[in-house]
Structure formats: C-alpha cells, structure tokens
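**Student:** Going down the list, the sequences are from chains P and D. For the first sequence, the positions run 1 to 334 when my numbering is used. For the second sequence, the positions run 1 to 334 when my numbering is used.
Just so you know, the hints here were simulated from the structure itself, not pulled from any lab data. Among the hints, erroneous ones may be present.
To be verified - If you only want the chain P side, here are some residues facing chain D, beta carbon under 8 Å, derived: (1) Gly96; (2) Ile99; (3) Asn139; (4) Asn203.
No residue lacks a Cβ here, since even glycine has one placed at the ideal position from N, Cα and C.
Protein chains: 2
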Amino acid sequence: MAVLDRIHPDLREVCKYHLGLIDEKGNPTNGRSGKMIRACVAVLAAEVVDADPAQALPAAIAIELVHNFTLLHDDILDGDELRRGCPTAWRAFSTGAAILAGDSLFAAALELLAQAPDSSLAVAELLSSSNRVIRAWANEAVLDRTPANEIAIDDYIANCAAKADLLPSAAAIAILLVGGDSTIAHGLRTVVSHASAALQIANDLEDLWGDPILVGKPGLQDLRQHKHTLPVIASLQSRHPLASELISLLTKPNLSETDLAVAARLIHDTGGREQAERAASEQLREALTALARLDISDRHRDKFREVILYAVTREPEIWIWHKPETLTGTNHGL
Amino acid sequence: MAVLDRIHPDLREVCKYHLGLIDEKGNPTNGRSGKMIRACVAVLAAEVVDADPAQALPAAIAIELVHNFTLLHDDILDGDELRRGCPTAWRAFSTGAAILAGDSLFAAALELLAQAPDSSLAVAELLSSSNRVIRAWANEAVLDRTPANEIAIDDYIANCAAKADLLPSAAAIAILLVGGDSTIAHGLRTVVSHASAALQIANDLEDLWGDPILVGKPGLQDLRQHKHTLPVIASLQSRHPLASELISLLTKPNLSETDLAVAARLIHDTGGREQAERAASEQLREALTALARLDISDRHRDKFREVILYAVTREPEIWIWHKPETLTGTNHGL
C-alpha cells in the first residue's frame, strides 16, 4: 500500500507486521491479514449511491488503517499477547514501537483522506468516529470497574456499538467522499451500527466458547482480565441460584485455569450465554430489518446482507451461537 | 477549554493533568502549564496577514493539543518520569491511560480544526506536520543506534527541525486557515523552522548543563539513555585527545552518577558544548536573518522576534549558552 510509504521504514515494518503482510523477520506472509470488512462496507456504500467504487478507495483505505491504529493501541492496553495466532506488535517489537506505529498509521490514514478531492466532510466524519471509538474504550474501563449487577444491558450494548463505530461510519464516510445521498448514508449507518453491535457481542461469546485456534487468540481472556462482557453481566443479573457462586468465584483477583473453566460453565448454566446470543441475534435482526426498509436496489441489498452476515458470523466454522434459528424470520439464507 | 469536553471524563483528567491545569488529585493548579509558544506563533501569523486573530484560534488550540499528544506519547517512549517538575502522565496514571489520553487529544484537536470553516488545507497541513514529527521520532531512534562518529551533523540538525515541525507549521496552518498570503506563510515557516532547530539544540544543552530545578526534569537524562545529542556527536567527532576517553566511558551499558558527571565534563572539554552552542546560535541567526528579509511590518517583525527569542532561550534564568555574544550581529536586543 503506497500510503505506508508515508511512514518511517522502521515503523512501516511494525505496521506491515501488524497488518499481517510480513512476519517478524520481515518476510512476506501468505495472508494472515484481517478481513477488511470496513473497506468492503465503504466500497459497497459507494456502489449503492451509484458512484465509481474507485472514488471511495481513499476512504476505504483510511478507515482500515484507523481501525488498525485502534487495534495496535488496544492490544497494549489490554495486555493481549496474540492476534490472529501471532504475537501482537507490542510483543513482537516493543511497546514504544507499537505506540508510534499506531500513531503513524492514524496520521498517515487521515493525511491520505485529507488529500483526496472534496474530502473535508469525510475527514470530519472519520475524526468524529475515531473520537467515539476512543471514548468508548475509556467507557469500557468504567464499565469494567462498575459492579456487574449495576450495568444496564442497553448501556453495555450501546458501548459495543460505539467501540465498533468505524464499521458503520465506513458507509457514511465513503458516501460523503463520493458526494452521495445523505439519507442513504444515514440509513446504511443505522444498518451497520446494529450489525457491529452484534459483532462485538459475538466477540464476547467467542472469547468464552470459541475455538482458540480458529479465533487466533487464547480463550477466556476477557474472563481472566475480569472484563464485564455481556454473558457475565447477564449471568450475574439473572436470578439463577448458581449466580451467587459465579459472583464469589469472580471476586478472586487471580483466576486459575480451573476457575476459568468453572466460571464459563456457570455463565452458561445461569443463562448468560443464551441471553447474550439472544441480544446478538436481536441486533442482527434489527440490522437486516433496517436494510430491508432502505430504498436501494435488491442487488445492493443482497450484497450488503452478505457482507453483514460475513462480518458478524465470521468464517462459518467459528460461528458459535446456539440458536441461529432465532434469525429464520429474516430470510438471511443461513 | 471546551475542546476537552469532546474527551471522555477519565481521559480528560489525564489530559488536564498533563496540560498542568490540575494536580494528581484533580485540584486546580496555579499554573505549571506550558508556554503555548505554538499558539502564540499561530495567532501572530494571523495578525501578520491582517486577519482577525480570533479566526486563527481553532488552529492555535489544535496545534497546542497535537503538540501535547506528542509529549504524552514521547514521555512513555523515553521512559521520562518528570515533566515541568511533576510526574509525567504515564507515571501519575498508567501507560494505558497516557496512550489513550494522547490518542484522544490528537483526535479531538483534529476534529476541532476540521469543523472550523474552510479548514481543509489547514487540516491537511497539520496532518503532514504531525507525520513529519512522528517520522522524526522514529529517525531519532535510528540515529541513537548509529555510531556517533557516523552521524552527519547536518542530518542531526535536520532531524531536530523535523521533530519540532509543529512550531513552524503553526504559522503556515494559521495562515491557511485565515486564507492569508501563502508567500508569507512559506517565509514564516522558514524563520520558525530555524528557530525550532535552535530550540531543540538548546534542549540538548539544557539536559547536560541546565539547572534541573529550573528545567523541571532531572539533568543528564539524555546521556543516561545513551542518546546521541549534538554535544555528544560533536565531542566524539572532535579530534581532541580526550574523545577516546569519552567513547570508552559511553560504551558502559549503565552509567553511574559519577560516570555521567565525568562524561558531561569530557563533552565540555573536547569542545562538544561549544560546537553545539555555535550550531544553536547559527540556527537562531538564520531565523532572525530570514525574519529581517520578510516583507512584513516592523511591528509584526518585532513581535515575532520576541516570540522566537523567548521560545529558544526560554526563561532568561535558564538561558545556559556561554556565548550569546555570537548573536550580537543580529541586534536581537539580548
């Protein structure tokens, strides 16, 4: 990507490693990069408003890079050691290198978009969205130190959507850049916002019950870090007799592997898993309902549905919800 | 500052602490904040092109905040524990909090500028300048691991100017925002660029021979971290018989307080101090010469000279160069 040439060679290595383009020794990989869902949404959104998709490319690239800036810094904040099955950038290089590489991705991405013609509204929207994501991270830390039974589930879900705001704003930014219809931009934003809330809840589920090999990171990491994810909140707020057992287990500062396995079981048995799955399905259903109502061609609608389902459920083999049949009313072809 | 309201309350605390507006307990301080030189340059530049200085305020504020974003992250990278006599933000809060606070300052600053009328060129320039600063940091790490006798002094000085690029670009960004004359923008950029190179070299000198109380951080920190600052480079490249003694001293991985004091003495005695002072004076002289040639009113020229001298020499009491008389040709009133 030519945009990476704006970045100092040493930091470019860190960025390319993080993006999955090279390994730790600088050799090209054969693809462990991300799924570029945000770029897909941006390009598709431009197609929906009948613009040349190539015109949306600066938006697509900038959003992917800003997303990766957030991942680079988030991995440091969470102390995560693996991403897509490989050491995270701060582990492979250093914390300082990962901080600077993130900063440089953010600045280079914004510079790329700012230099595209008539991009000032798109730049302002990308900045607002970046701000929303950063605020949502800070808010997540607040939720993690709030007693889980005092967290309103709707607030948790709203923060999920805010954390993933770059995904819905990809549609809005691309349409602003190509000068398309703002009603469609707004409509697509709503669609993808529900989808990305579903995706975040799916991440919560994956951490507890996904296959670590397929997910690319060790399981039970959120639980180990005492994060208040939706399954945990729902479980602790259930009136199930086993909930008190989970509460006393989770007050331990260091959870052993056995504790973690028991906790995951208790979250399941107290209905935390089911409720989170229901919430994710509900968000996905809302996304698809909003999509059905949008005044766009059926061809574009079908493409958007495909991207949304791919984003939320990821590879079919790591689709881990128990009850995809709750979605049958929406005819989404699963 | 209303712009800080865009930031999550927890991160806002970190930012306000870093900016010297509150202490660690959240109580208002009575001023240990920075000198806001970049904001002064921005407002003055708007005055020079006969614009209403108030129109330049979004630029002035945005640049100060981006500068503080760089300081927040730079303190983590350098492991610096004190700034302006107080614990740095990462020490007072946490590394994660300081990373996120920096990110949020950067995004909020850019958003503020992007939302000002007709600001797209100013935003693009602020982003280019931010990129230059980040690249210069990465390049500094390259210089620190290059043998000091292989570093061309001009390359070192060019990197000093790039590291401090937000200062000269403050003039250009403000003039772009108010729609002023681009020739004057370019001219002022050249003037302030030399001044900020002088300022960076003055920082090198301050670290070795400044009064830690007045400077607000412990002395000899660069030397302790084996940084290749200009006095060190000049000393090691001198043909002075004591240079070899300095070389063998600096190869020690951990320098004791005695080692540090001896090294500072050797840098002085081998002429490293004098050469760095000469280089700083030369940059300052070039700034003032370029200023003298600019087609602006004498009143504005005088104001700019005042700001430049204040920026470079800081408070008169921490002015530490030996030879201000090398500047006498420029009639700068010192």
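**Student:** Interface hint check: P:Ile99, Cβ to nearest Cβ on chain D, cutoff 8 Å. Holds or violated?
**Tutor:** holds, 6 Å
**Student:** Mind checking the CB of P:Gly96 against every CB in chain D and telling me if the closest is under 8 Å?
**Tutor:** holds, 4 Å
**Student:** Is the interface hint for P:Asn139 satisfied, with its Cβ closer than 8 Å to some Cβ of chain D?
**Tutor:** holds, 6 Å
**Student:** For the hint on P:Asn203, does the least C-beta distance to chain D fall short of 8 Å?
**Tutor:** violated, 20 Å
This entry does not satisfy hint 4, going by the numbered hints stated previously; all others are met.
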